[in-house]
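Enquirer: Here are the chains, one letter per residue:
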Amino acid sequence: MEKTDMEKILEIENVTKYYGSGAVVTKALDGISFDVEKGEFTAIMGASGSGKSTLLNVISTIDRVSSGEIRVEGRRLTGMRENDLSAFRRDRLGFIFQEYNLLDTLTIGENIVLPLHLKKLPPQESAGELKRVAQALGVADQLDKFPRELSGGQRQRAACARALIANPALILGDEPTGALDSANAKNLMETFQMMNRSLGSTILMVTHDALMGSYADRVLFLKDGKIWSEIHRGDRGRQEMYREIWSVSAALGGETDVS
Amino acid sequence: MYLNLAIRNVKRQVGSYLIYFMTVSLTVALLFAVNNVIYSRELAALADRGEGAGTALKILVAAISFVVAFVLSYATSFLLKRRKREFGTYLTLGMTRRDILRLFLAETLVICGIALGIGLLAGGFLFQGLMAVMMKLLEMEFSMSPYSLEGLLRTVALTAAIFLVASLASGIYLRRAAIYDLIHGEKKVEKRVKRPGLWFLATVAALGGMAACGIQFWRSVDISLRGGTVDSMESLLAGFILCVMLFHMGAAKSVVFLLLRRPGFCSRGANTFVLRQLSGNLSANSVMFGCLALLMSLAVAGTNFSFIQKAGQEEALHAAWPYDVMYYSVSNDRKSEAELAESLIREYAGIRRKVLWRTFETGEQEFYSRTGWYEERMAPNDSFMPVSDFNALMAPLGAEPVALEGQFMIVCTSREAAEPDWSDMVWEHGGKSYTFHSCRTDYPKISYLYFYVVVPDEAVADMECVEESRAYLTEKSRFDGIGLHRELSRRLSAQAGENRQTGRRLAFEIREYHRQEENGVSAILVVGALFASAVFLLLAMAILALKTLSGLGEDKGRYEILFRLGMGEREQARALFWQTFVFFIAPFALPMALSIPVAAFGAHVMRMEGMEASAEVVWLIAGIVAGVTALLYLLYYTASYLIARRTVVRD
Numbered sequence: 316m317e318k319t320d321m322e323k324i325l326e327i328e329n330v331t332k333y334y335g336s337g338a339v340v341t342k343a344l345d346g347i348s349f350d351v352e353k354g355e356f357t358a359i360m361g362a363s364g365s366g367k368s369t370l371l372n373v374i375s376t377i378d379r380v381s382s383g384e385i386r387v388e389g390r391r392l393t394g395m396r397e398n399d400l401s402a403f404r405r406d407r408l409g410f411i412f413q414e415y416n417l418l419d420t421l422t423i424g425e426n427i428v429l430p431l432h433l434k435k436l437p438p439q440e441s442a443g444e445l446k447r448v449a450q451a452l453g454v455a456d457q458l459d460k461f462p463r464e465l466s467g468g469q470r471q472r473a474a475c476a477r478a479l480i481a482n483p484a485l486i487l488g489d490e491p492t493g494a495l496d497s498a499n500a501k502n503l504m505e506t507f508q509m510m511n512r513s514l515g516s517t518i519l520m521v522t523h524d525a526l527m528g529s530y531a532d533r534v535l536f537l538k539d540g541k542i543w544s545e546i547h548r549g550d551r552g553r554q555e556m557y558r559e560i561w562s563v564s565a566a567l568g569g570e571t572d573v574s
Numbered sequence: 007m008y009l010n011l012a013i014r015n016v017k018r019q020v021g022s023y024l025i026y027f028m029t030v031s032l033t034v035a036l037l038f039a040v041n042n043v044i045y046s047r048e049l050a051a052l053a054d055r056g057e058g059a060g061t062a063l064k065i066l067v068a069a070i071s072f073v074v075a076f077v078l079s080y081a082t083s084f085l086l087k088r089r090k091r092e093f094g095t096y097l098t099l100g101m102t103r104r105d106i107l108r109l110f111l112a113e114t115l116v117i118c119g120i121a122l123g124i125g126l127l128a129g130g131f132l133f134q135g136l137m138a139v140m141m142k143l144l145e146m147e148f149s150m151s152p153y154s155l156e157g158l159l160r161t162v163a164l165t166a167a168i169f170l171v172a173s174l175a176s177g178i179y180l181r182r183a184a185i186y187d188l189i190h191g192e193k194k195v196e197k198r199v200k201r202p203g204l205w206f207l208a209t210v211a212a213l214g215g216m217a218a219c220g221i222q223f224w225r226s227v228d229i230s231l232r233g234g235t236v237d238s239m240e241s242l243l244a245g246f247i248l249c250v251m252l253f254h255m256g257a258a259k260s261v262v263f264l265l266l267r268r269p270g271f272c273s274r275g276a277n278t279f280v281l282r283q284l285s286g287n288l289s290a291n292s293v294m295f296g297c298l299a300l301l302m303s304l305a306v307a308g309t310n311f312s313f314i315q316k317a318g319q320e321e322a323l324h325a326a327w328p329y330d331v332m333y334y335s336v337s338n339d340r341k342s343e344a345e346l347a348e349s350l351i352r353e354y355a356g357i358r359r360k361v362l363w364r365t366f367e368t369g370e371q372e373f374y375s376r377t378g379w380y381e382e383r384m385a386p387n388d389s390f391m392p393v394s395d396f397n398a399l400m401a402p403l404g405a406e407p408v409a410l411e412g413q414f415m416i417v418c419t420s421r422e423a424a425e426p427d428w429s430d431m432v433w434e435h436g437g438k439s440y441t442f443h444s445c446r447t448d449y450p451k452i453s454y455l456y457f458y459v460v461v462p463d464e465a466v467a468d469m470e471c472v473e474e475s476r477a478y479l480t481e482k483s484r485f486d487g488i489g490l491h492r493e494l495s496r497r498l499s500a501q502a503g504e505n506r507q508t509g510r511r512l513a514f515e516i517r518e519y520h521r522q523e524e525n526g527v528s529a530i531l532v533v534g535a536l537f538a539s540a541v542f543l544l545l546a547m548a549i550l551a552l553k554t555l556s557g558l559g560e561d562k563g564r565y566e567i568l569f570r571l572g573m574g575e576r577e578q579a580r581a582l583f584w585q586t587f588v589f590f591i592a593p594f595a596l597p598m599a600l601s602i603p604v605a606a607f608g609a610h611v612m613r614m615e616g617m618e619a620s621a622e623v624v625w626l627i628a629g630i631v632a633g634v635t636a637l638l639y640l641l642y643y644t645a646s647y648l649i650a651r652r653t654v655v656r657d
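Sequence lines, in order, name chains A and B. With our numbering applied, the first sequence covers 316 to 574. With our numbering applied, the second sequence covers 7 to 657.
Don't read these hints as lab results, they were simulated from the structure. Hints are not guaranteed to be accurate.
Stated by the list, open to error - Calculated lysine to any residue pairs in the SDA-like style (CA-CA distance at most 25 Å, straight line):
| id | chain 1 | residue 1 | chain 2 | residue 2 |
| --- | --- | --- | --- | --- |
| 1 | B | Lys87 | A | Asp419 |
| 2 | A | Lys460 | B | Val261 |
| 3 | B | Lys482 | B | Glu464 |
| 4 | A | Lys435 | B | Gly270 |
| 5 | A | Lys435 | B | Glu577 |
Claimed, not checked - Partial chain B-side listing against chain A, Cβ under 7 Å, derived:
| id | residue |
| --- | --- |
| 6 | Arg274 |
| 7 | Arg282 |
| 8 | Met384 |
| 9 | Asn387 |
| 10 | Gly572 |
These figures come from a predicted structure and were not determined experimentally. The beta carbon of each residue, even a glycine, is placed where N, CA and C say it ideally should be.
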């Protein structure tokens, strides 16, 4: 089925990113173009230095492109002013990081509800939303605890709840399972799937773990700053998807983790 | 090798070291300036006059150096903690703790060395400023004062001692810290404060306690000034210190936690984040805040009182010595002494007006029998003054003449003397009866007697004249009072030797002499109070700044998260402002607020002493002291905030 432009959440057009100046210039992204549609769960994979993190940084507006266009929900991010970018991140993007990035001084409940406070939502409305996402993510019993009092898996679920609470257009994950053991990593991916399928979240995740990538509907492979390959799940199961990721990774140079 | 590496590290860590550097430089500057004051010629001259000024300042400097050494060692350990990850990495790479300590001490030595140089330079200017203030207070002409080698050596020795104490503290920390803690930071889980409501009640109670201590102190001073006896004030002071500590502990453990329970407040922007940032910091540092608040309260109150004392000096002098010169006890056989004294007064100050007055005795204690001194067997004979002499004496001082027809009037020079009730007394003398006219405490003090009885002239006709005195108003308002005093003492005691067999009292009072003597005390008080206040304030600000900066490493990560969550630069800056400002203001609010009761108390004391004009100035002084203190505080805070902002706010 052909998707219309209205259903595209993210549009990347010929994005290039250079680092350094003068004689020492590194091309981190080299004319990348792709779209992410509403409700899609996309993974970006590639070896170290392939440009995965740079791509995520420019999409998340914490870094600027050297050339090209990025649009989220049809809004051009390139050229947007700093204050507007902050407001955009706050209102339309959700983040899940490898190191959870929960504020250690805040309780889990305060961490989760923080994006709504930054939006200055009325307290009753914030409390309702907090209850909803905390129950959905299974952290309702942990709201009064501090991050240090929880396990890695619980912390990452809390981070997912925080990413979800403001109902963002796009959730960005930066190696979200990187700090978790395999059982917790599997649980988190199932949580991502639940967020995607049950809650309709659009997710773009960077990972170098093929097993984690196999949970996505679509995987983009990056090499030397370019999209080298792309695979879609279609009707295939997770095992098949995993095998295909593995084989593409092997063809890519065997540098991705296929454990 | 260590020195080169240390210099490189210092260059790289300029931001981290800036507050430390400023603190050491300013401390050295203050120490150098005061040490030079101690060894200055002008202070030596004061010390020669028996003021003990040099000793007092030396004790003050030694005591303050001790506090400075303690605080700077605290500050050094903060620097160490700020770079613990770096030092932990050095340890994992195989450097020994001794190597790291050497490196760190070499860095601190470089900083202290530069700070010593800059501090001495700044202290040189500060010394001239302090001397200008002192010369102004001593009413002497200011010229550039020479620097003393002793002052320099003493400052260098004190700085070295401070450096050694600081090094010792760093050594102890590095010896004890585990490598894991250095790299990962000590795992601290924020302790939940139980019952913040109770802590809030404790805060309110402490505030009430402070007010009660203040009111009791006020009353005690009131009673004391009225001539009554009061209990020792040590318990009041201890109570006040306890209340200050409890107030800061209570406030730190309640206000933020109570605010965290208000959803309406917390749901606005980064309020929850700021409150959480503060809650741990305030709670962990509540005792330190109490100590800093005490130090700064002392600084504010000390500076206020020293200036208030100076402001009230002129009025107090006029109240104590209404005439420019008083010369007591002139008897016929000592007329020549009086003439000699008068010629000296004329020579030094010129004579505008002279008043003669006499004191008589009956040899009885009828009036004193109604006083406490009589019961204690300390009462002298009753003293009488004829009303014509009294009126002549009081007229130049602006008092209305008194008419006494068959009456007597008691004139008291102390409030204690006014306590007995004479109203029912009928004094029989020379076959006549005299009734009570009034008991007055508002006349200028012209006698050293507790009180004297003013009677109609005919009543003294058959009494013995025990004193004939002279009061002088001089032509010059400012003259060499100390010189005149010295000359009168020398010349009159030589002459008095001839008349020693009479056993009569010989005394003179020169107001200008007392003023010049008190100028010396004022100078020491003001310079000492300014020095102590500056050091206390500096240390308080340094501790707060270093505490703020030592947490920047962790704050940077937190603000990075906020940035990613969509918090703009301005909002981050606002959150950081509140986080640092409340932390800075916490121990400063009470000392600033204390300026108001201190000024009210100063004005009250001035009014009780009859110094209305000075009472008006007290509020102005308090305002200026508070303003200057706040300005200095603001400067330090701004420097800390800008460094913090540059480090943590992501744009």
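Enquirer: If a hint holds in the structure, say so; if it does not, say that too.
Expert: Hint-by-hint comparison with the structure:
1. With a CA separation close to 19 Å, the supplied pair Lys87(B) and Asp419(A) stays within the 25 Å bound.
2. Between Lys460(A) and Val261(B) the alpha-carbon distance is near 21 Å, which keeps this suggested pair within the 25 Å criterion.
3. Among the hinted pairs, Lys482(B) with Glu464(B) is inconsistent with the structure: their alpha-carbon atoms are about 37 Å apart, more than 25 Å.
4. Restraint check: the Cα-Cα separation between Lys435(A) and Gly270(B) comes to about 10 Å, which is no more than 25 Å; the hinted pair holds.
5. For a cut-off of 25 Å, the pair hint linking Lys435(A) to Glu577(B) stands: about 12 Å separates their Cα positions.
6. Because the closest C-beta pair between Arg274(B) and chain A is about 6 Å apart, less than 7 Å, the hint holds.
7. The beta carbon of Arg282(B) is positioned within 7 Å of a beta carbon in chain A (closest approach about 4 Å), and the interface hint is therefore held.
8. The interface hint given for Met384(B) is broken, as the beta carbon of that residue sits about 69 Å from the closest beta carbon of chain A, more than 7 Å.
9. Annotation: interface hint on Asn387(B) violated; nearest CB of chain A at approximately 79 Å, more than 7 Å.
10. For Gly572(B), the interface hint holds, since its Cβ comes within 7 Å of a Cβ in chain A; the closest pair sits about 2 Å apart.
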